[in-house]
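Throw the hints in and build the complete structure from the sequences for me.
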Amino acid sequence: MQINTLRVSPPYRELRDLAAGASTDDAALRESVAGILRDVAERGDAALLEYTARFDRFDAGSAAGLRFGADALADAAASVDPALLDSLRRAAENVRAFHEKQREHGFLEVEPDGTLLGQRVAPLRRVGIYVPGGRAAYPSSVLMNAIPAAVAGVDEIAMVTPTPDGEILPVVLAAAHVAGVTEVLRIGGAQAVGALAYGTETIGRVDKIVGPGNKWVAEAKRQVFGRVDIDMVAGPSEILVIADDAADPVHVAADLIGQAEHDPDAIAWLVTPSAALAEAVPAALEELLARNPRREVARAALSDWGAIILVDDLEQAAEVADLRAPEHLELLVREPLALAGRIRNVGAIFLGANSPEPMGDYFAGPNHVLPTGGSARFASPLGVYDFVKRTSLIGLSRARLLRDAPHVIRLAESEGLFGHAEAVRVRTER
94 MQINTLRVSP
104 PYRELRDLAA
114 GASTDDAALR
124 ESVAGILRDV
134 AERGDAALLE
144 YTARFDRFDA
154 GSAAGLRFGA
164 DALADAAASV
174 DPALLDSLRR
184 AAENVRAFHE
194 KQREHGFLEV
204 EPDGTLLGQR
214 VAPLRRVGIY
224 VPGGRAAYPS
234 SVLMNAIPAA
244 VAGVDEIAMV
254 TPTPDGEILP
264 VVLAAAHVAG
274 VTEVLRIGGA
284 QAVGALAYGT
294 ETIGRVDKIV
304 GPGNKWVAEA
314 KRQVFGRVDI
324 DMVAGPSEIL
334 VIADDAADPV
344 HVAADLIGQA
354 EHDPDAIAWL
364 VTPSAALAEA
374 VPAALEELLA
384 RNPRREVARA
394 ALSDWGAIIL
404 VDDLEQAAEV
414 ADLRAPEHLE
424 LLVREPLALA
434 GRIRNVGAIF
444 LGANSPEPMG
454 DYFAGPNHVL
464 PTGGSARFAS
474 PLGVYDFVKR
484 TSLIGLSRAR
494 LLRDAPHVIR
504 LAESEGLFGH
514 AEAVRVRTER
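If you're matching positions, the sequence shown starts at 94 in our numbering and goes up one per residue.
One should not assume that every hint holds.
[What the hints assert, rightly or not] Computed cross-link-like contacts, DMTMM-like style, restricted to lysine to aspartate or glutamate with a CA-CA straight-line distance of at most 20 Å: (1) K308 - D356; (2) K308 - D132; (3) K482 - D119; (4) K308 - D118; (5) K308 - D358; (6) K308 - D119; (7) K482 - D300; (8) K308 - E124; (9) K194 - D397; (10) K482 - D322; (11) K482 - E249; (12) K308 - D322; (13) K482 - E193; (14) K308 - D397; (15) K482 - E197.
[To be verified] Each pair of labels, with its calculated beta carbon distance range: (16) G273 - A215: 14 to 20 Å; (17) E508 - G207: 26 to 32 Å; (18) G199 - P175: 40 to 46 Å; (19) D248 - L444: 36 to 42 Å; (20) Y105 - L444: 23 to 29 Å; (21) H500 - P449: 31 to 37 Å; (22) D206 - A120: 58 to 64 Å; (23) E197 - F471: 17 to 23 Å; (24) L444 - G199: 48 to 54 Å; (25) E515 - D110: 54 to 60 Å; (26) G292 - P103: 48 to 54 Å.
Keep in mind the hints are simulated off the structure, nothing from the lab.
Note that this is a predicted model, so its numbers are computed, not measured.
Every residue gets a Cβ at the ideal spot worked out from N, C-alpha and C, and that includes glycine.
So, in structure tokens, the structure goes:
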């Protein structure tokens with residue numbers, strides 16, 4: 094197939110436009126989403142019922158019809174193929190075991206004079222997780238979003254997912270049952286984000302919203318941030334494969350397609366110093382696409398946003414990866430761990446030919462909710478730390494107050510804040 098192939102060298106200016114991906118700056122989208130959010134905030138359940146009927150072609154009848162009860166989740170788990178349920182449970186065990194290691198316990202220090210300083214770590218009370226339900230069903234997203242929240246100790250985990258024509262795959266509800274979700278609501282889109290952020294007559298507002306969705310969901314999360322916390326504004330899926338001359342071109346092609354099939358805007362790059370590999374991969378892509386049911390989606394993504402990038406050596410390949418800051422990075426090279434140490438900006442790194450990206454998506458244990466759009470420069474994978482808040486504890490002894498008061502008074506007065514200084518001064522005088 095035709096895929097953009099180019100040779101680059103420092104400072105890699107030719108990659109700037111390609112790295113930008115599809116634009117998310119859409120004034121019409123912002124306005125439409127703002128209208129939906131405003132409507133949900135003002136009319137609550139009535140707005141949800143109308144939007145669900147319009148966009149999902151599902152008439153819930155009443156707000157109660159938007160909710161799956163705990164019995165429905167248990168029934169779904171009992172109805173799926175036992176082998177599939179076993180795979181879900183095993184995946185959940187791996188995800189839970191990995192995330193247990195992320196627990197924070199805070200600290201409390203009492204100094205000899207009685208001064209107490211510390212940090213308390215407490216879970217959020219109620220969170221919302223968004224699980225897409227349009228192009229495909231994602232039970233793996235249920236596990237990856239809900240299990241860290243459960244490990245953190247969140248009291249209530251409310252899951253929202255659209256049910257087009259009233260249909261939902263039982264495996265999605267089974268995953269919610271396995272992951273410890275406490276509430277499932279059959280709503281999607283910007284209206285679901287609004288319901289979680291503002292609350293309605295029957296849906297309690299949450300403290301944080303996590304999980305991927307389409308551009309309407311991403312924009313809605315952007316707009317409600319501040320009223321509630323969010324994990325990130327997720328963009329299209331991304332993969333960057335660094336491969337040397339020992340890599341199998343079929344492996345490379347399969348891994349590029351694995352991300353490209355998500356969305357026409359998905360980004361899939363191969364960066365390699367091997368001209369022979371660069372020449373072999375397009376034919377392997379064509380062969381694998383021919384048997385992929387989602388070939389047209391993948392082909393569009395590869396044509397518009399895919400690239401084969403030739404560099405002089407693996408050092409330059411690492412520099413390209415750092416500049417791109419990809420969501421997923423595969424290292425199909427002879428010494429993947431050594432190369433990984435030279436790359437700072439990435440969501441998740443997959444080391445060697447035996448670690449294809451889907452193993453992380455579904456089963457290995459680390460979270461598959463990862464920073465996109467270059468945000469891996471400053472953001473991290475979703476984790477237990479996203480579902481807790483930290484509170485400082487400060488309890489000074491009388492001796493500590495008297496010792497430090499002159500410094501605090503001096504600093505406060507330097508800022509022109511007399512009341513701050515006085516609040517300390519009066520305590521030293523009586």
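Hint check results:
For the hint pairing K308 with D356, the CA-to-CA distance comes to about 11 Å; that is within 20 Å, so the pair holds. For the hint pairing K308 with D132, the CA-to-CA distance comes to about 19 Å; that is within 20 Å, so the pair holds. Between the alpha carbons of K482 and D119 the distance comes to roughly 33 Å, so the proposed pair goes past 20 Å and is violated. Restraint check for K308 and D118: satisfied, since their Cα atoms lie roughly 10 Å apart, inside the 20 Å limit.
Between K308 and D358 the CA atoms are separated by roughly 11 Å; this keeps the pair inside 20 Å, and the hint holds. Restraint check for K308 and D119: satisfied, since their Cα atoms lie roughly 10 Å apart, inside the 20 Å limit. For the given pair, K482 sits about 11 Å from D300 by alpha-carbon distance, which is consistent with the 20 Å threshold. Restraint check for K308 and E124: the C-alpha separation of about 13 Å stays at or below 20 Å, so the hint holds.
For the hint pairing K194 with D397, the CA-to-CA distance comes to about 40 Å; that exceeds 20 Å, so the pair is violated. A distance of roughly 11 Å separates the Cα atoms of K482 and D322; the hinted pair therefore holds under the 20 Å criterion. About 15 Å separates the Cα atoms of K482 and E249, which keeps this hinted pair within 20 Å; it holds. About 18 Å separates the Cα atoms of K308 and D322, which keeps this hinted pair within 20 Å; it holds.
In summary, the hint linking K482 to E193 is supported, as the alpha carbons are separated by about 17 Å, within the 20 Å threshold. Proposed proximity of K308 and D397 is supported: the alpha carbons are some 18 Å apart, at most 20 Å. Distance hint between K482 and E197 is fulfilled; the C-alpha atoms sit about 10 Å from each other, no more than 20 Å. Checked against the hint of 14 to 20 Å, the pair G273 and A215 passes, with Cβ atoms roughly 18 Å apart.
Range check, E508 to G207: about 29 Å between beta-carbon atoms, so the 26 to 32 Å window is met. At about 42 Å, the CB distance of G199 to P175 agrees with the hint of 40 to 46 Å. Restraint check, D248 to L444: a C-beta distance of roughly 37 Å satisfies the suggested window 36 to 42 Å. Between Y105 and L444 the C-beta distance comes to about 24 Å, which sits within the given range of 23 to 29 Å.
For H500 paired with P449, a C-beta distance near 57 Å fails the hint of 31 to 37 Å. The supplied range of 58 to 64 Å is met by D206 and A120, whose beta-carbon atoms lie about 59 Å from each other. A hinted range of 17 to 23 Å for the beta carbons of E197 and F471 is consistent with their spacing of about 20 Å. Distance hint for L444 and G199: a CB-CB separation of about 33 Å, inconsistent with the stated range 48 to 54 Å.
E515 and D110 have their C-beta atoms about 58 Å apart, which keeps the hinted 54 to 60 Å range intact. The supplied range of 48 to 54 Å is met by G292 and P103, whose beta-carbon atoms lie about 52 Å from each other.
When held up to the earlier numbered hints, the structure conflicts with 3, 9, 21 and 24 and fits the remainder.
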